[in-house]
Amino acid sequence: MSALPLASPRPGRRSAPERHLEVAPTRAQRRARPRLLPAIVTMGGIGAILLAQLLLSIVLADGAYRIADLQRDQRSLQREEQALAEQLEVLSSTQNLTANAEHLGMIASGNPVFLDLSTGAVSGNPTPAGGSLTGATGNQIGNSLLSGSTLVDPVTATATNPVTPTGTGASGATTPPPPGMIPSPTR
Amino acid sequence: MTTTRQTARRLQLTVLAVLAVVGLFVVKLVDLQVVRAEELTVAAESRRTIPVTTHGIRGSIVDANGVVLADSVERYDITAAPVNVKPTTFITQDGERVEVSTVEAVAKIAELTGTSSADLMAELTADPSSQFAYLVKAVDLATFQAVWDLDIAWVYSDMRPSRVYPSGAIAGNLVGFLGTDEPLAGTERRWDECLASTPGQSSYERGADGVRLPGSLVVEQEPVDGATVHLTIDSDLQWFAQQALATRGTEVGADWGTAMVVRVATGEIVAAADWPSIDPNDLNSVGPNDAGARSFVAPFEPGSIMKPVAFAALLDQGLITPNTQLVVPGNYTEGLPPGENITDVFSHGDLRWTATGILMNSSNIGTVMLSNQLTEKQKYEYFMKFGFGQPTAVDFLGESVPGNHGRVFSPEEIDSVSEKTQMFGQGITATSAQMASLYQTLGNGGVRMPLTLVAGCEWPDGTWTNVPVPQGERVVSEYAADTTIQMMETVASQGGLRSVISIPGYRVAAKTGTGEVAENGRYGAERIVSLAGVVPADDPEYAIVVTFGKPDIMKSSAAAAPTFNAIMEQVIKTFRVQPSTEAAPNLPLTW
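Sequences listed follow chains A and B, in order. With our numbering applied, the first sequence covers 5 to 191. With our numbering applied, the second sequence covers 17 to 607.
The shape of chain A in the complex, shown without the other chains (with noise of 0.2 Å):
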């Protein structure tokens, strides 16, 4: 035994063979120690949350992309159908109607008669129908918008988009406009 303070062991002469010491783990240590499963398992699904975060933030922004080309897609056909609506607006015109009413040889009807349903009395004086209706002047109320001809030609109509007759219709006319173009009473 020895007075001397204590001091740090240095390597050196052995005293005796060295025996490897190890601390024996209680239970309560044993089970204090980390796992390697939890581990794996916690890292995983750090990863695999922040892999689906970067995922979902690629889709977000193709999505975003793609929101922004069908918009742009809207908005270009939205022009479109402006313009078409306008055009559309312009042949609907009064001016437009009569003149393609003449061109198909349409006239000004006569006097109305009136079918009173509850008794079956007709009232009013019939008069054939007959003239144009712009008169022999034609159209003197101008439309500045109906520029060139917008005069429909039923015959190339009906060649350009074919409809095939159904009904008996006409009666060996060399190119009768097929039923339903335009309106003709039954007989």
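Because the hints were derived from the structure by calculation, they are not lab data. Since the model is a prediction, treat every value here as computed from it, not as a measurement. We put the beta carbon where it would ideally sit given N, CA and C, even for glycine. One should not assume that every hint holds.
In silico SDA-like pairs for lysine to any residue, Cα to Cα no more than 25 Å straight-line [said to hold, decoys possible]: (1) LYS124(B) x MET137(B); (2) LYS153(B) x ARG34(A); (3) LYS401(B) x ASP411(B); (4) LYS124(B) x LEU92(A).
Per the computed footprint, the stretches of chain B lying under chain A, defined by three or more beta-carbons under 8 Å from a beta-carbon of chain A, are [to be verified]: (5) 178–190; (6) 324–337.
Place chain B on chain A using the hints.
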């Protein structure tokens, strides 16, 4: 094994390191917040928010059936940045990117837009350092798409709202037109409060180099589109009336013509035609005097179509019956200043006419003689109650301007001649709209319904504003109005124009009118000829007034008769007016 001292030292070192980092931050903070504050604020100014005004769409004008008379459309301005223009340009041709000279590229643009290449080059070369120049303004979508497909790097575009009138000159007088900044005429101007859109406010942030920061757009207020103004007219009938006026007007050499069709029961104007009428798409289509609506704002001396006022008033007061007998001389001077006299349209001796006969033959003298039973105050009150001398309920643009709504002289200011002549429509002025209102009142059993041209404003959210609730006002008794109509039937059935204005199966009540036109204080050879009436006379549904101003040939109401008949027939067809069921009463014209 670590000693306490070593642990303590490590701790000290860590704390020192942390303090050093904190100190660095503090220094940087002080530097930014205090030392360089000014400089940084100035730099941040360049990142300030830029306010943007967004515009809504101007409302459209439609007729009673929804036919669009005025519409807002998009047009495109093609602009360029001259600073980016080089001697050669890349364009897309036939799907390929080719390099051409800029002159050639500009020529292609000119060809597609129908402009001159020289003008476009001038725009580009005017200020080579400018960032902005207009190449072509207001092209339609097809043209714009063609130019855009060229894919030229220094060409940009701007959207410009524009106005289009698909029906052309139909109702051009009523619809009006726009100028460059504001509406100038008609419904476009009068109802701008409904039609105009409310602009919205947005803001975005912009970097120092002028690039808009994405995602920084904040919409503070959405723009509100304008409301749709619904007119009560039927555009097909309006076209027909305009066409009839134009054909007959040119035939008789008239300066102008008006035709009004009013629904008797409600006072709705179903046609208000003016000839000549402007095509709002082409402001040069007519002269400046014809660009408005004469039917509402140009009063004239109506002549004999004003006579029914006298007869209705006399019947209302119980002073006459249709069979009241009178001996009518060929010349009238009573109560007139010396040298003045009143004659009839044809010279005659003393004739024994009933009141109906006086109206049928349109005798000025007979009308004056019968009207002498009314006091001047009574005459004035009846004219005012019938709506003369004041703007109609339509309040069309310009109606309320003094002088535009006709003149009825009050008892204090009237002279002895006008006191009598006003009973046959001279010495009093009225517009076509006021005349139509008179016949509407007579057809409606003496109840005047305020004239309406606008049925209301329909806003984008579906609400309606400015919907008129017409309140009828009794002017004369039902007996007086109905009897006046019956007396007027004789004009259509027995008058000189009966072959022109009668329609088989329908009882028609009409009155002819040939008003003399005063020029430089004297009545000259010019006439304003009219025909007014209601159909069917047994239960009137529509009042029609046709007027031609200053015809060269045929200076009588025979000029207006065929137009009156044509419009009446078209009204019958359009609105399915049923034929009359009872025969007209037999009112004697002479005794």
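Outcome of the hint check:
1. LYS124(B) x MET137(B): Roughly 12 Å between the alpha carbons, so the hint for LYS124(B) and MET137(B) holds.
2. LYS153(B) x ARG34(A): violated (86 Å)
3. LYS401(B) x ASP411(B): holds (17 Å)
4. LYS124(B) x LEU92(A): violated (29 Å)
5. 178–190: This one holds; 7 residues, not fewer than the three required, reach chain A with a Cβ under 8 Å.
6. 324–337: violated (count 0)
Hint compliance for this structure: hints 2, 4 and 6 are broken, all remaining hints hold.
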